[in-house]
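K.L.:
Here is how the chains run, residue by residue.
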Amino acid sequence: DQQVKQNSPSLSVQEGRISILNCDYTNSMFDYFLWYKKYPAEGPTFLISISSIKDKNEDGRFTVFLNKSAKHLSLHIVPSQPGDSAVYFCAARGTGGYNKLIFGAGTRLAVHP
Amino acid sequence: EPEVTQTPSHQVTQMGQEVILRCVPISNHLYFYWYRQILGQKVEFLVSFYNNEISEKSEIFDDQFSVERPDGSNFTLKIRSTKLEDSAMYFCASSERPSGANVLTFGAGSRLTVL
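Those protein sequence lines, which keep their order, are chains A and B.
If you read the first sequence in the working numbering, its first letter stands for residue 4, the second for the next number, and so on.
If you read the second sequence in the working numbering, its first letter stands for residue 412, the second for the next number, and so on.
Bear in mind the hints are in silico, worked out from the structure with no lab data behind them.
Any given hint might turn out to be false.
[Said to hold, decoys possible] Straight-line alpha carbon distances no greater than 20 Å define the calculated SDA-like cross-link-like pairs of lysine to any residue that follow: (1) A:Lys74 <-> B:Glu496; (2) A:Lys74 <-> A:Asn60; (3) B:Lys453 <-> B:Glu479; (4) B:Lys453 <-> A:Glu45; (5) A:Lys8 <-> B:Glu479; (6) A:Lys74 <-> A:Glu45; (7) A:Lys8 <-> B:Ala512; (8) B:Lys489 <-> B:Glu479; (9) B:Lys453 <-> A:Asn60; (10) B:Lys453 <-> B:Glu496; (11) B:Lys453 <-> A:Ser52; (12) B:Lys489 <-> B:Ala512; (13) A:Lys71 <-> A:Glu45; (14) B:Lys453 <-> A:Ser11.
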């Protein structure tokens, strides 16, 4: 079951530059996409979401872009800060009912001073 | 800020033993979930629970697993006879409602080590 894929296991970025984390999905019925951030020894924490009817959602330094035709979304962090260093999970939700979130494998972001 | 609380933070058990992982969801949340993450792998859905019954479960959630909400605050995951491959971090999550973005709030996790 690889419905949500994060093909880059890690990313290293210099402080102040842009971080771009990518996510691909296969199920066109997903109606919401979410990004979670996870620090070691903690649970995932919600960062930002986007509805499938939108192509962009922005919250401060974080922007998520959705390309439905390509079944691709990305999270942009500008400017990146050392405190952003964490594992970022892309998640997707199906329609109706009590639909669970389906997570990707995560991308470890390291922001260097 | 309200949070999901999980206990124990780490449990070591022998193969074949029963384990109960406990969770206290956020008080006004009505939907509860268990996920797990085997070391280095993705976060996998196990089960969702609403109105005192399972609403959805994954293939991982076989007869060895069960969930219960024994009182108004706790939500437990029981593994009847643990196997080596059950070693993982188990996350409890809760949400107000499953519609919209269905933002799940996760606990810090319970690390289970089966020897």
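K.L.:
Against this structure, judge whether each hint is valid.
P.N.:
Here is what the structure says about each hint:
The suggested pairing of A:Lys74 with B:Glu496 is violated, with an alpha-carbon distance near 33 Å, which exceeds 20 Å. Restraint check for A:Lys74 and A:Asn60: the C-alpha separation of about 16 Å stays at or below 20 Å, so the hint holds. Between the alpha carbons of B:Lys453 and B:Glu479 the distance comes to roughly 25 Å, so the proposed pair goes past 20 Å and is violated. Distance check on the hinted pair: B:Lys453 and A:Glu45 sit about 15 Å apart at the alpha-carbon level, within 20 Å; holds.
A C-alpha spacing of about 32 Å is found between A:Lys8 and B:Glu479, which places the hinted pair above 20 Å, so the restraint is violated. About 30 Å separates the Cα atoms of A:Lys74 and A:Glu45, which puts this hinted pair outside 20 Å; it is violated. Under the criterion of a C-alpha separation no larger than 20 Å, the hint pairing A:Lys8 with B:Ala512 is consistent with the structure, at around 19 Å. For the hint linking B:Lys489 to B:Glu479, the alpha-carbon distance of about 8 Å falls within 20 Å, and the restraint holds.
Distance restraint check for B:Lys453 and A:Asn60: the Cα-Cα separation of roughly 25 Å exceeds the 20 Å cut-off, and the hinted pair is therefore not satisfied. With a C-alpha separation of about 15 Å, the suggested pairing of B:Lys453 with B:Glu496 holds against the 20 Å cut-off. Between B:Lys453 and A:Ser52 the alpha-carbon distance is near 19 Å, which keeps this suggested pair within the 20 Å criterion. Between B:Lys489 and B:Ala512 the alpha-carbon distance is near 29 Å, which puts this suggested pair outside the 20 Å criterion.
Of the supplied pair hints, the one linking A:Lys71 and A:Glu45 is violated, its CA atoms being roughly 32 Å apart against a limit of 20 Å. Proximity of B:Lys453 to A:Ser11 is assessed by CA-CA distance (about 13 Å); at most 20 Å being required, the pair is judged to hold.
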